[in-house]
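S.K.: Position chains L, R, S, F, E and G against the provided structure of chain A, taking the given hints into account.
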Amino acid sequence: MQGTLEFLKGIFINKNEDLTILGKLIKIALIFLLVKIGIKIFNTIIDKSMERKSRLKFGVDEKKANTLAAILKNLSKYVFYFIGLVPALELFGIKTTSILATAGIGGLAIGFGAQSLVKDVITGFFILFEDQFSVGDYVKVEGYEGIVEEMGLRVTKIRGFSGELYIIPNSNIQIVTNGTKGAMRSLVEVSISYEEDIDKAMKVLEKICKELKDTENSIVEGPTVLGVSKLGEYDIVLTIVAKTDAMEQWRIERILRKRIKEEFDNENIEIPYPKRVVIEKKV
Amino acid sequence: MQGTLEFLKGIFINKNEDLTILGKLIKIALIFLLVKIGIKIFNTIIDKSMERKSRLKFGVDEKKANTLAAILKNLSKYVFYFIGLVPALELFGIKTTSILATAGIGGLAIGFGAQSLVKDVITGFFILFEDQFSVGDYVKVEGYEGIVEEMGLRVTKIRGFSGELYIIPNSNIQIVTNGTKGAMRSLVEVSISYEEDIDKAMKVLEKICKELKDTENSIVEGPTVLGVSKLGEYDIVLTIVAKTDAMEQWRIERILRKRIKEEFDNENIEIPYPKRVVIEKKV
Amino acid sequence: MQGTLEFLKGIFINKNEDLTILGKLIKIALIFLLVKIGIKIFNTIIDKSMERKSRLKFGVDEKKANTLAAILKNLSKYVFYFIGLVPALELFGIKTTSILATAGIGGLAIGFGAQSLVKDVITGFFILFEDQFSVGDYVKVEGYEGIVEEMGLRVTKIRGFSGELYIIPNSNIQIVTNGTKGAMRSLVEVSISYEEDIDKAMKVLEKICKELKDTENSIVEGPTVLGVSKLGEYDIVLTIVAKTDAMEQWRIERILRKRIKEEFDNENIEIPYPKRVVIEKKV
Amino acid sequence: MQGTLEFLKGIFINKNEDLTILGKLIKIALIFLLVKIGIKIFNTIIDKSMERKSRLKFGVDEKKANTLAAILKNLSKYVFYFIGLVPALELFGIKTTSILATAGIGGLAIGFGAQSLVKDVITGFFILFEDQFSVGDYVKVEGYEGIVEEMGLRVTKIRGFSGELYIIPNSNIQIVTNGTKGAMRSLVEVSISYEEDIDKAMKVLEKICKELKDTENSIVEGPTVLGVSKLGEYDIVLTIVAKTDAMEQWRIERILRKRIKEEFDNENIEIPYPKRVVIEKKV
Amino acid sequence: MQGTLEFLKGIFINKNEDLTILGKLIKIALIFLLVKIGIKIFNTIIDKSMERKSRLKFGVDEKKANTLAAILKNLSKYVFYFIGLVPALELFGIKTTSILATAGIGGLAIGFGAQSLVKDVITGFFILFEDQFSVGDYVKVEGYEGIVEEMGLRVTKIRGFSGELYIIPNSNIQIVTNGTKGAMRSLVEVSISYEEDIDKAMKVLEKICKELKDTENSIVEGPTVLGVSKLGEYDIVLTIVAKTDAMEQWRIERILRKRIKEEFDNENIEIPYPKRVVIEKKV
Amino acid sequence: MQGTLEFLKGIFINKNEDLTILGKLIKIALIFLLVKIGIKIFNTIIDKSMERKSRLKFGVDEKKANTLAAILKNLSKYVFYFIGLVPALELFGIKTTSILATAGIGGLAIGFGAQSLVKDVITGFFILFEDQFSVGDYVKVEGYEGIVEEMGLRVTKIRGFSGELYIIPNSNIQIVTNGTKGAMRSLVEVSISYEEDIDKAMKVLEKICKELKDTENSIVEGPTVLGVSKLGEYDIVLTIVAKTDAMEQWRIERILRKRIKEEFDNENIEIPYPKRVVIEKKV
Amino acid sequence: MQGTLEFLKGIFINKNEDLTILGKLIKIALIFLLVKIGIKIFNTIIDKSMERKSRLKFGVDEKKANTLAAILKNLSKYVFYFIGLVPALELFGIKTTSILATAGIGGLAIGFGAQSLVKDVITGFFILFEDQFSVGDYVKVEGYEGIVEEMGLRVTKIRGFSGELYIIPNSNIQIVTNGTKGAMRSLVEVSISYEEDIDKAMKVLEKICKELKDTENSIVEGPTVLGVSKLGEYDIVLTIVAKTDAMEQWRIERILRKRIKEEFDNENIEIPYPKRVVIEKKV
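Residue numbers (the working numbering), protein chains in the order written: chain A, 1 to 283; chain L, 1 to 283; chain R, 1 to 283; chain S, 1 to 283; chain F, 1 to 283; chain E, 1 to 283; chain G, 1 to 283.
Extracted from the complex, chain A is given alone in its bound form:
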């Protein structure tokens, strides 16, 4: 008996570690206690941040939030047990480098794959924090434009003018064009014929501008007739510019166009068709 015990003791006790089997078992119990505590703390953190989120403006669907919390808790449990397993094995003198290496490579693959997820959240945080746009704003992002319908840490949803819903992961959002902050510009270009009197046409345009300014409240500045912006192939192009309330710029442009056509008709100013000189040769 004594000999066997001695022998077993010899197996599991490295002299230069001087720890009895019992001591080791107590230590392992301690480790897994710490693991349990770690899991508890992590779960509490998740629950709390879910609560806080639900009180914030993100209208996250509660059911989804719960699902996500459950998944995160489940995954974290595996991670914590792995963290505890390694020192436990080491206590019995089993080298765990190969476990660590295997887990490390797996972890790296996941880490690289999850990279854009992290980017989503970081970019999403800054969009919200810096107030780059809010729900209801008219924005352009990576060639997609429309009204922001929903903002989140991972994706932003934009309703295009065609009615389509663009779902954009935040990491894809780089340069944001916000068409709601401040006054927007209305710009109308009108062609007149080379035979026309420029000054007369500009006076007519200025009259229209003055009228419009008085009747439209959404106009912030102008409209102003800038002058001759192009000597084209067959026309002289005059440009009118105005500043309007956001989202009103297109309506003002449409009104301007209609008014110009009508007034030009009255004043006998021609909007020219393309012209071409043809030199005929008979064969």
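It is worth saying that the hints were derived from the structure and are not from the lab. Worth double-checking, as some hints may not be accurate.
No more than 20 Å apart at the CA atoms, straight line, and that leaves these computed lysine to any residue pairs for SDA-like [what the hints assert, rightly or not]: (1) S:Lys-261 to A:Val-237; (2) E:Lys-24 to G:Lys-95; (3) L:Lys-27 to A:Leu-25; (4) F:Lys-275 to R:Val-278; (5) A:Lys-258 to L:Asp-197; (6) E:Lys-281 to S:Val-278; (7) S:Lys-281 to R:Glu-280; (8) S:Lys-200 to E:Tyr-194; (9) F:Lys-282 to L:Arg-276; (10) G:Lys-213 to G:Arg-254; (11) S:Lys-282 to F:Lys-275; (12) A:Lys-275 to F:Lys-281; (13) F:Lys-140 to G:Gly-160; (14) A:Lys-258 to L:Pro-272; (15) L:Lys-243 to A:Leu-25; (16) F:Lys-207 to F:Asn-266; (17) E:Lys-95 to S:Phe-32; (18) F:Lys-95 to G:Ser-193; (19) L:Lys-73 to R:Arg-52; (20) R:Lys-243 to L:Asp-197; (21) S:Lys-213 to S:Tyr-194; (22) E:Lys-275 to G:Ser-193; (23) F:Lys-95 to G:Lys-95; (24) L:Lys-281 to R:Arg-52; (25) S:Lys-213 to E:Ile-255; (26) A:Lys-281 to S:Tyr-194; (27) A:Lys-77 to A:Gly-104; (28) R:Lys-27 to R:Glu-90; (29) S:Lys-281 to E:Tyr-194; (30) F:Lys-275 to G:Ser-193.
Which residues of chain F face chain G? A partial, calculated answer using Cβ under 8 Å [claimed, not checked]: (31) Asn-43; (32) Lys-95; (33) Thr-97.
Backbone N, C-alpha and C fix where the C-beta goes; we use that ideal spot for every residue, glycine too.
M.R.: For chains L, R, S, F, E and G alone, kept in the frame of chain A given last:
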């Protein structure tokens, strides 16, 4: 005899490790027992997640799932034995850094190669979790558009209008355009001649809009005549816009176009051919 | 004599390792035995997977497979000897970090270079596993389209309609368009003149559609006349759509076009030439 | 009693470390004291840099700065506790490699994700430090052009001419085109007919240039008539160039165009319409 | 004397290593012997692979091969001495981590730079191994097309039709289009006027096809008249397709075009000029 | 007393390190002395390189240089204290791996972010060292062209012809096109009618070339009439080429164009308008 | 006295290292001796490779080479001292991990930044070694084409036809198009009218080809009339092809064009203007 034993003991027993050969063998047995248990647990996890999956909505072909499970189990076996081999060799004082380094480089190469696989699954998870689209939705992804036919963790299958099936790995899905959620827009642009009376044409269009609203249930909002959206080279462009049920927008546009042509014929409003002024010079 | 021996013993025996030269040599023999066994196992694995492969559907040329196996065995031999060399040198107290570092950097360079090879195999596996396409399918991949002629773990070969053979490494295959699974669409657009009666033209087209449906077995659905799909510069565009068996869609389109032209001739419906209004000015 | 104590001492005291439990506890207390001090110092640094920032030109919203400071302090607390936890566990002989590996992979994922944040700040610093542009400058960045409205370490805001606000993360700013530093160029190209006398046209243009130079103060250099810059399909193109104060170039161009048209009318110099020779064949 | 010796011994002999200076020197000699052997083996491997290469099909210039071998041997010598230096220094208790770190960073920079070299060789190997193309084949690679003139492990040389020589590093070769393996397609599109009889034109084309099939041996399949492939702006397009021997497709197309023109002339079938309807308005 | 001291000694003195507390404190003092010296040396290096820089040609603003120096000194101080902190903590037996890991990940993030900064400096160094261009040269870089106004280690400033200042980080400079080193080419293409005599036109052009060569000093070689460079749709294109002093090429081209037009008028050689044959059909 | 010495000895001598202070100092002296030797060897290597380079064909400016050598020597000095500093500090029991980590991150940043420098040299070496082109060759690289003016390990300089000098870092050189090795192709396409006799035109062209072959020595093969390469909108296109000495292809093409025009004039073969059928409708 005694001397030889002593000698052999000297070879395999490092004094500062104080472990007999027998003790080492017992330890190795223990290690491989742990490896066996690890394999068992891993297999159970795979089986369970396969089961759970089959109960979920993913219509994964059972035969394929089994094949995949078998492959995963097989591969994991090699990994677990490798994890056990390293500490076993270490016990006999054989440095395993070179094994670890070799395996590590191989692992890295595989890890990098498998990176987009991980991305597929992560993106796939979020598409499903965030309900970005469902089977039957009309979506546009990376320039491919059509009806979603199948969704999975790795690939999404979309049936294009041309009948072709687009098989898109989820990691290639970034910005999703969903054309099923909410009302879509019908937009028709009509040209009238510069000689035409704008107001008259707009009245005719408004009449058509009113009629259509009454007869078509799929129209949600409008149709409205926006006004003069362009003063073109040879035509005045008027724009009509409506909101319709999803997927109905093209039909409404076709009806609108037909009605406009017919009504313009009745009212003698000309849809102009391209016009050009030709100044003739004889040689 | 005794002194020299003592001295030599002093060189090769570190007191705190307590291993005789003989013991060390035996250990080295053991290491290289393990290396030999490792090489054997690896060779067996390669041979077996070659065998299994030859029983599968991949029509891999046997000679090529043998060459590849020989190369792999040869390379692996170097790797295994390297794995054995390092602990052997360590036994004699020679630090091998510099060897490992050198081999590691070389290995990394190769690992990075071989990355796309790994990707080829992983993507190839999923194409086969998920049945994305089979030999004989008509597919489009990265702008290359044609009939799949050969599928493998590393490359896919597609025969284009021009007769050319496209050899595509699987890692270059991302989004696959399969034009064989399911019914394909035939789409024909016909122009009629603005002076034509739309209803009359549509009736003629519908008659053609009905006829064709009865005579062509490869038609799955339709053909249907959708309506006015465009009010063009000089023409009204009507669109006809049908669903046909895969690969038959182009033939059906050609037949439709011929029938439409013939029937329009009978019914005196004009397919218009481009029209332009010319306003002449003499100089 | 004595035995139990001895036993417990045996568990927690590794002989070759020779530290009593009490000693260990004191050491842990010391570690967490250092952690507390570390947190304090970090918080002080943040507070100070916030203060300094508020005294600088960046008009950072104070409320936002406080929020950011609070978040940073909160995050850093977790990091410091983690730094303290590891040596504490090590003191009780618990190997922490698995904790470190797990934290390391998580940290790497965050590090990669945060990479562009670091780039934002570095690029932002150099834009400010090198005075690449200031608020009010007219710049072009990555295809977006307008007046700089706000500069920061992370984003730059530019107000486009269309009224839209471009919000550009600094890491997206590579090549900057500054249109405010120095004199800008006005360039007008005028077409004359092939039948026209080039010298006469150039003299007229030079007269206009001279006049304009005298009347416009914003002109720095020129305008100069460069000469025949193109023999076009139907016209000889003459080019006029001037240097003006920044942002005045477009106005000068508009004036030049108007003056040229007027003067050419006076001098009977024709700006030609496109010309084409038509060889008629009767069928 | 004895004291000095004792002292020196004290400097160079760490008691817990128990190795005399002489012993250390012998060990160093042993290390450098191993280094020498390593260099020898490496040189032999290079020489052998050079020999083997010269017996293979790669027509590598012998002089160049020798130069490359010399460079490789020279570089490897430095590497091997570095591998020997580190353990030698370690023997004298000099920590070499800083040397290793410095060499490692340098090595990494070179490794990354050499990455595409490794890719060249791997891709080159697979091109040769998989027989993707051979010298004399007509291929298209990354937009460069022509006859393959030379194949190697690092670069592939293609002679374009313009006579230019394209030198393509193998790592740039991804998708290969081989125009030599199998029959190629000739495709000719012919326009006929809308006024023409389609059936008559098709009969004429079929006659030409039949004739050509009999006279040209290089035709593998067809030529076939497919039918009406387009209803164009002013023409009906008919398409003829044939399969020919590789590289003969263009000649067959040229013959087909000439024959069609001649036969259409005989049969009075018009190949139409672009047509346009002009509606004249006098001002 | 003695016992407490013994106890404290027990806490802070690991027997197998055999260092008294006092000894440790002295060692820490030594470490921080070294840190102080390190900071001093670093500051001196920065000051010296600033001085040297100010004597060189880079016209770096002195104030900015001082700011930068101050920032660098400040940052380096933190780094040096961190370097000293770690071994100090280690002396008291506190494991610092967690500190190192945290700092390492932060450092990596900064390192990656600063990568392009390093690239800027390296590329900048080579541009200066290899004399790729100098201030005043006319260069094209990444699509931006103009006169180099300022060169530095981080950015290059180019003044475009439009007056705009392009600020280009050196890492964005890859292929440089220098239009100042050597003689530049003037190229003028002239159209003549198909009815014209080619030889006559070439003689006229040659006469102009001869004249110009005599009158213009900036011409280095030529101008030469190359011959018929294109048989166009309606014109025969003749090309004239000359080599001129850098930046003079455009002026020479303008002169050539004017002279050709004038001489062609004298010799009655027509520069043709686009020609088209019209076959009229009456309906 | 004795006590203080004992005490000091206690500080600096770790019992389990058994080295006296003097011994340590001697060891440090040894280390720095080795560092000095290392610097010497490195400097010698640089000097020798500079010498060898100056004897080779690279016309590297001697002054620049010296500057570069001086910079390299200076930098390497810092690196060598750093390598020596670390083991010296370690000797006094100061852990240097934090120094190594800091240096490592800095080194990595530099390593990544220098990556393209390494790539430059490797690519440059292979361009020279494989003789991809030589000074005086006409090459196309990444869209830049011209005569190679200078080749080096880092950059290649190409003189474009416009006179501009392209300075291309070798790492930007991937696919090289060499237009000097072998015979180049001249290709001329001639349009004839649909009314023309194809055979007659081909005979005329063949006559020209025959003549040219006899008079031009630079023609290697051909010129040959290929046949009808296109049935265009209004013309039949005939193609002539020849092989010429490199750089002579454009001259031959110009001569061919001139000869064809002249001979067609003689033979009354029309090169057609664009033709269009116009169907007139009066309103």
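S.K.: Could you run down the list of hints and mark each one as holding or not?
M.R.: To see whether the hints hold, each was checked on the structure:
Among the hinted pairs, Lys-261 (chain S) with Val-237 (chain A) is consistent with the structure: their alpha-carbon atoms are about 12 Å apart, no more than 20 Å. A distance of roughly 13 Å separates the Cα atoms of Lys-24 (chain E) and Lys-95 (chain G); the hinted pair therefore holds under the 20 Å criterion. The hinted pair formed by Lys-27 (chain L) and Leu-25 (chain A) meets the criterion: a straight-line CA distance of about 16 Å does not exceed 20 Å. Taken as a hint, the Lys-275 (chain F) and Val-278 (chain R) pair is honoured in the structure, with Cα atoms around 15 Å apart against an allowance of 20 Å.
With a C-alpha separation of about 11 Å, the suggested pair Lys-258 (chain A) and Asp-197 (chain L) falls inside the 20 Å cut-off, and the hint holds. A hinted pair counts as satisfied when its Cα atoms are at most 20 Å apart, and Lys-281 (chain E) with Val-278 (chain S) qualifies at roughly 15 Å. Between Lys-281 (chain S) and Glu-280 (chain R) the CA atoms are separated by roughly 19 Å; this keeps the pair inside 20 Å, and the hint holds. In summary, the hint linking Lys-200 (chain S) to Tyr-194 (chain E) is not supported, as the alpha carbons are separated by about 30 Å, beyond the 20 Å threshold.
Note on Lys-282 (chain F) and Arg-276 (chain L): the hinted pairing holds, with a Cα-Cα distance of about 12 Å set against a maximum of 20 Å. Proximity of Lys-213 (chain G) to Arg-254 (chain G) is assessed by CA-CA distance (about 14 Å); at most 20 Å being required, the pair is judged to hold. Of the supplied pair hints, the one linking Lys-282 (chain S) and Lys-275 (chain F) holds, its CA atoms being roughly 14 Å apart against a limit of 20 Å. As the CA atoms of Lys-275 (chain A) and Lys-281 (chain F) are separated by approximately 14 Å, the hinted pair is consistent with the 20 Å bound.
Straight-line distance between C-alpha atoms of Lys-140 (chain F) and Gly-160 (chain G) comes to about 27 Å, which puts the hinted pair past the 20 Å bound. Taking the CA atoms of Lys-258 (chain A) and Pro-272 (chain L), the gap is near 18 Å; set against the 20 Å cutoff, the hint holds. For a cut-off of 20 Å, the pair hint linking Lys-243 (chain L) to Leu-25 (chain A) is broken: about 71 Å separates their Cα positions. For the given pair, Lys-207 (chain F) sits about 13 Å from Asn-266 (chain F) by alpha-carbon distance, which is consistent with the 20 Å threshold.
Straight-line distance between C-alpha atoms of Lys-95 (chain E) and Phe-32 (chain S) comes to about 13 Å, which keeps the hinted pair within the 20 Å bound. Pair hint Lys-95 (chain F) plus Ser-193 (chain G) does not hold up; C-alpha atoms about 87 Å apart against a cutoff of 20 Å. Note on Lys-73 (chain L) and Arg-52 (chain R): the hinted pairing holds, with a Cα-Cα distance of about 18 Å set against a maximum of 20 Å. With a C-alpha separation of about 45 Å, the suggested pair Lys-243 (chain R) and Asp-197 (chain L) falls outside the 20 Å cut-off, and the hint is violated.
Restraint check: the Cα-Cα separation between Lys-213 (chain S) and Tyr-194 (chain S) comes to about 29 Å, which exceeds 20 Å; the hinted pair is violated. With a CA separation close to 15 Å, the supplied pair Lys-275 (chain E) and Ser-193 (chain G) stays within the 20 Å bound. Taken as a hint, the Lys-95 (chain F) and Lys-95 (chain G) pair is honoured in the structure, with Cα atoms around 11 Å apart against an allowance of 20 Å. For the given pair, Lys-281 (chain L) sits about 84 Å from Arg-52 (chain R) by alpha-carbon distance, which is inconsistent with the 20 Å threshold.
Pair hint Lys-213 (chain S) plus Ile-255 (chain E) does not hold up; C-alpha atoms about 25 Å apart against a cutoff of 20 Å. A distance of roughly 18 Å separates the Cα atoms of Lys-281 (chain A) and Tyr-194 (chain S); the hinted pair therefore holds under the 20 Å criterion. In summary, the hint linking Lys-77 (chain A) to Gly-104 (chain A) is supported, as the alpha carbons are separated by about 17 Å, within the 20 Å threshold. For a cut-off of 20 Å, the pair hint linking Lys-27 (chain R) to Glu-90 (chain R) stands: about 12 Å separates their Cα positions.
For a cut-off of 20 Å, the pair hint linking Lys-281 (chain S) to Tyr-194 (chain E) stands: about 18 Å separates their Cα positions. Restraint check: the Cα-Cα separation between Lys-275 (chain F) and Ser-193 (chain G) comes to about 17 Å, which is no more than 20 Å; the hinted pair holds. For Asn-43 (chain F), the suggested interface contact is broken, since its CB lies about 20 Å from the closest CB of chain G, more than 8 Å. Using the Cβ-Cβ criterion of 8 Å, the hint placing Lys-95 (chain F) at the interface with chain G is satisfied: the shortest such distance is roughly 4 Å.
The closest approach between the C-beta of Thr-97 (chain F) and any C-beta of chain G is roughly 6 Å, which is under the 8 Å cut-off, so the hint is satisfied.
In summary, the numbered hints that this structure violates are 8, 13, 15, 18, 20, 21, 24, 25, 31.
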